[in-house]
Each structure stands twice: as structure tokens, then as C-alpha cells.
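Here the structure of chain A is known, so what remains is to put chain B in place on it, guided by the hints.
Chains as they are written, first to last, in our numbering: chain A, 1 to 112; chain B, 1001 to 1113.
In case anyone wonders, no lab produced these hints; they're calculated from the structure. All C-beta atoms, glycine included, are put in the ideal place defined by N, C-alpha and C.
What follows is a list of derived Cβ distance ranges for each label pair: (1) B:Ile1012 x A:Glu57: 40 to 50 angstroms; (2) A:Asp78 x B:Ile1077: 45 to 55 angstroms; (3) A:Lys67 x B:Leu1088: 23 to 33 angstroms; (4) A:Ala17 x B:Thr1015: 39 to 49 angstroms.
Computed footprint of chain A on chain B; a stretch qualifies when at least three of its residues, placed anywhere within it, have a C-beta under 8 angstroms from a C-beta of chain A: (5) 1042-1055; (6) 1101-1108.
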Amino acid sequence: QKEVEQNSGPLSVPEGAIASLNCTYSDRGSQSFFWYRQYSGKSPELIMSIYSNGDKEDGRFTAQLNKASQYVSLLIRDSQPSDSATYLCAVNGDNAGNMLTFGGGTRLMVKP
Amino acid sequence: EAQVTQNPRYLITVTGKKLTVTCSQNMNHEYMSWYRQDPGLGLRQIYYSMNVEVTDKGDVPEGYKVSRKEKRNFPLILESPSPNQTSLYFCASSFGGLNTEAFFGQGTRLTVV
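Just chain A, same shape as in the assembly (with noise of 0.2 angstroms):
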């Protein structure tokens, strides 16, 4: 059974600062890794990416996977309480199709 985990928080940090997001995996064969934002009451949607090791950056938002430590983050610099949501990570890694494992999410509050 894959399982991808994280904190589910809350994780509360002020306007302004940056916000650290982690995620474990256990599926050594994993390949592609993904955050999700939801709203509450929404469907989630995609904000990062990241297959290979190291960082990717979009805008405000760095995604870190560290593959030999089965470890993937989403860093949110300059946080906005528009920020403040449920981050699901999710894992890849199912040459079959087998869509996405989830994470049971962090909810982050970002207070003004």
C-alpha cells in the first residue's frame, strides 16, 4: 500500500512570512510528485509539479523533492491570507495509470 503523509496542522504563520509544507512517500518508485490547493468545499487544484530532484519555483510558490529521502516540499514565500487552504500532496508512480495517491493535507492559515 503506498502512503503519502503529512502534517494536517493547522499550520498557521503571519502575512508576509513563508510558509514550509512537507510531505513523506513511500513508494521508492514514485516518479512524479504534485500539490493541490483546496478551498474549503472546492475541488482541488494543481499549483506545482516536480519530477526530478531539487527545486522548481513558480511565482511565489518552490517545490523541493528529495527522492533519496522520499521527501517533497512546497515552499510560499510573501504568504497571503488568500494562501490560507488545505495543500494536498500527491504521488505518481504507477507505470499502470494508477492515478494519484493523496496525502490527507496540511491546512495552512495565514493571518493578516
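Below, chain B without anything else, positioned relative to chain A:
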């Protein structure tokens, strides 16, 4: 507009009364999947489909059925719903393969009493 459409958005039903939640996508995606989301448990995959007439079980398939007769549609069927199937359900689709984004429907909140 590219989208995944689920219906209904909200449903309250009684134990044992068969129901179907529809899912349709207009992006010509090959891969479609159903998830349920419960507090503290995250998103768990129920069933997925890699193409027409090709479906397979996810992590929590018990009590559910699916069919994929057309590429765009992937209905979720609960033959005899029970209260433990009360949950928030999401349909998702993608082009497939490892490095493709999954697009989600708006969700269906199901309550079984």
C-alpha cells in the same frame, strides 16, 4: 471551457436505494478516476479507468461500481448505499501517464441516512 462536470452536487438518500453520480469531461482525456474525501483521511481512490471499457479498483472499491462505455463519461454507481458511504466525492480526469495534471470535478456531497 475545459471542465469535468459532476452531477448532482448534493444528494441525500436512504440506505439501500440505488444511486448514480455522473461524471463527464470534455477534454478527450483517457484517464478518469473517482475519489472520496473524508475528514482526516484525505482523498482516497475508489476506481479508475485508463480507457473505454477498461476499469480497475482503487484503494476503497467496496460498495461501488463504475462503467466506461464512452470516453467522456465515467459514472459512479452505488447499488445499495450505506451510511458509511456518506462522503464528498470527486471525479478527476487526465491525459494519462505519469506527468500529467489531474482535473477535478466540482464534487458531490452525498449523505446516506
